[in-house]
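Colleague: Sequence:
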Amino acid sequence: MSSIVSSSEFIPAQHMLYTKPKANTVGGKSVGILNTASKKSIHIQTPLMMTWGANVYENPNGKSYDICLQFPRDEFGNKGTQDFLQMLRQFEEKVKTDAQTYARDWFGKPSMSREVIDALWSPMLKYPKNQTTMEPDTTRSPTLKLKLPAWQGEFKFELFDTQNNTLIPNEDGRTPDQLIPKGCEIACIIQCGGIWFANGKFGVTWKLFQGVVKPVQTLAKGMCHIKMDNFATETVKVDETHTDPNYDSDGESNVVVSQSPSLNMSQPEQSDPDLSVSQSAAEPEKVATVKKTIKSKTGKS
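Numbering (numbering that gives the first Met the number 0), first residue to last: 0 to 300.
Don't take every hint at face value.
To be verified - Below are the DSS-like pairs computed for lysine-lysine, each with C-alpha atoms no more than 25 Å apart in a straight line: (1) K28 x K155; (2) K28 x K39; (3) K95 x K128; (4) K19 x K220.
Unchecked claim - Computed spacing ranges between beta-carbons, pair by pair: (5) R173 x Q89: 35 to 41 Å; (6) K19 x E57: 18 to 24 Å; (7) W51 x P109: 40 to 46 Å; (8) N60 x E92: 54 to 60 Å; (9) G61 x R88: 32 to 38 Å; (10) E134 x Y56: 25 to 31 Å; (11) G172 x E8: 19 to 25 Å; (12) Q151 x N129: 27 to 33 Å; (13) I10 x E74: 36 to 42 Å; (14) K226 x Y56: 31 to 37 Å; (15) D160 x E134: 37 to 43 Å; (16) N129 x D171: 42 to 48 Å; (17) T96 x K28: 17 to 23 Å; (18) V115 x T138: 22 to 28 Å.
The hints are simulated quantities; they were obtained by calculation from the structure and are not laboratory data. For each residue, glycine too, the CB sits at the ideal point set by N, CA and C.
All chains should be modelled from the sequences, with the hints used to inform the complete structure.
Modeller: Given below as structure tokens:
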């Protein structure tokens with residue numbers, strides 16, 4: 000097995016190995032988790048997933064960063080996201096089961112019940128809370144938090160764009176919160192940071208080893224997005240089948256039944272100019288009467 004595996008290849012029940020507990024400088028301790036095949040840290044390749052952007056925190060020792068990978072709803076998921084989620088659930092179950100087995104080494108207790116283990120466990124997968132019970136709603140899609148490791152201002156992970164151009168490390172000072180915006184998608188190689196124990200709780204951390212960022216897909220303004228096919232770009236030709244000005248598009252013809260004679264402006268002047276003016280002013284212009292007849296498909300009316 001390669002040191003970098005996919006979600007479908009990694010089986011927690013078979014491929015996990017623990018190191019001995021190690022105390023840290025802040026009063027807690029940690030247990031490493033290794034790949035049984037490589038005897039090295041576990042590296043998992045994730046599918047392309049949406050993220051809510053990189054978070055930045057101000058700490059006494061400097062800034063720290065993390066991101067959350069958002070699992071899609073069932074109807075929007077694919078085999079890659081389903082395999083990844085199933086593997087993480089199996090991973091959690093494996094660690095909690097082994098916590099009972101190693102209760103003395105990990106907790107200094109001769110034995111611990113599963114109920115106690117569940118109470119002390121800090122889940123890797125975070126679910127939205129039910130607003131009524133305030134308990135995690137496991138019917139909804141969870142998130143997985145990834146640390147973005149840094150030391151003394153230097154990032155200890157690599158970030159690329161979809162053209163394999165390096166985004167981190169860089170020389171222009173750009174930071175993860177600038178390069179991983181809200182709503183973008185990212186495909187990762189994640190590294191297991193092992194089990195942490197602190198303040199009576201325990202859990203597993205994951206950190207980013209490498210990532211490829213796919214930008215948010217938006218419709219830019221100022222450019223035309225309408226695609227014209229060959230048919231649409233041809234010159235529009237007028238239908239010359241019907242040249243009769245009385246032809247209507249609904250298949251009817253306007254047939255003139257009767258029409259009042261128009262005023263002949265070339266007539267000789269009347270002998271009495273006053274009579275001529277009064278007659279033309281008193282008689283309004285008559286409007287032609289139009290009757291519509293429907294033509295059959297054979298051309299007969």
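Colleague: Determine for every hint whether it applies to the structure shown.
Modeller: Quick rundown of the hints versus the structure:
1. The hinted pair formed by K28 and K155 meets the criterion: a straight-line CA distance of about 22 Å does not exceed 25 Å.
2. Between K28 and K39, the direct Cα distance comes to roughly 19 Å. Compliance with the 25 Å bound is thereby established for this hinted pair.
3. Between K95 and K128 the CA atoms are separated by roughly 22 Å; this keeps the pair inside 25 Å, and the hint holds.
4. With a C-alpha separation of about 58 Å, the suggested pairing of K19 with K220 is violated against the 25 Å cut-off.
5. Checked against the hint of 35 to 41 Å, the pair R173 and Q89 passes, with Cβ atoms roughly 37 Å apart.
6. At about 35 Å, the CB distance of K19 to E57 disagrees with the hint of 18 to 24 Å.
7. Checked against the hint of 40 to 46 Å, the pair W51 and P109 passes, with Cβ atoms roughly 43 Å apart.
8. For the pair N60 and E92, the supplied restraint of 54 to 60 Å is violated, since their beta-carbon distance comes to about 34 Å.
9. For the pair G61 and R88, the beta carbons lie near 34 Å from each other, so the given range of 32 to 38 Å is met.
10. Restraint check, E134 to Y56: a C-beta distance of roughly 27 Å satisfies the suggested window 25 to 31 Å.
11. In this structure the hint that G172 and E8 lie 19 to 25 Å apart at CB is violated, the actual value being about 38 Å.
12. Between Q151 and N129, the C-beta spacing of about 42 Å breaks the proposed range 27 to 33 Å.
13. A hinted range of 36 to 42 Å for the beta carbons of I10 and E74 is inconsistent with their spacing of about 27 Å.
14. Between K226 and Y56 the C-beta distance comes to about 45 Å, which lies outside the given range of 31 to 37 Å.
15. For D160 paired with E134, a C-beta distance near 40 Å keeps the hint of 37 to 43 Å intact.
16. Between N129 and D171 the Cβ separation comes to about 45 Å, which falls inside the hinted range of 42 to 48 Å.
17. Checked against the given bound of 17 to 23 Å, the beta carbons of T96 and K28, roughly 20 Å apart, stay inside it.
18. As the Cβ distance of V115 to T138 is approximately 26 Å, the hint placing it in 22 to 28 Å holds.
Hint check: violations occur at hints 4, 6, 8, 11, 12, 13, 14; the rest are consistent with the structure.
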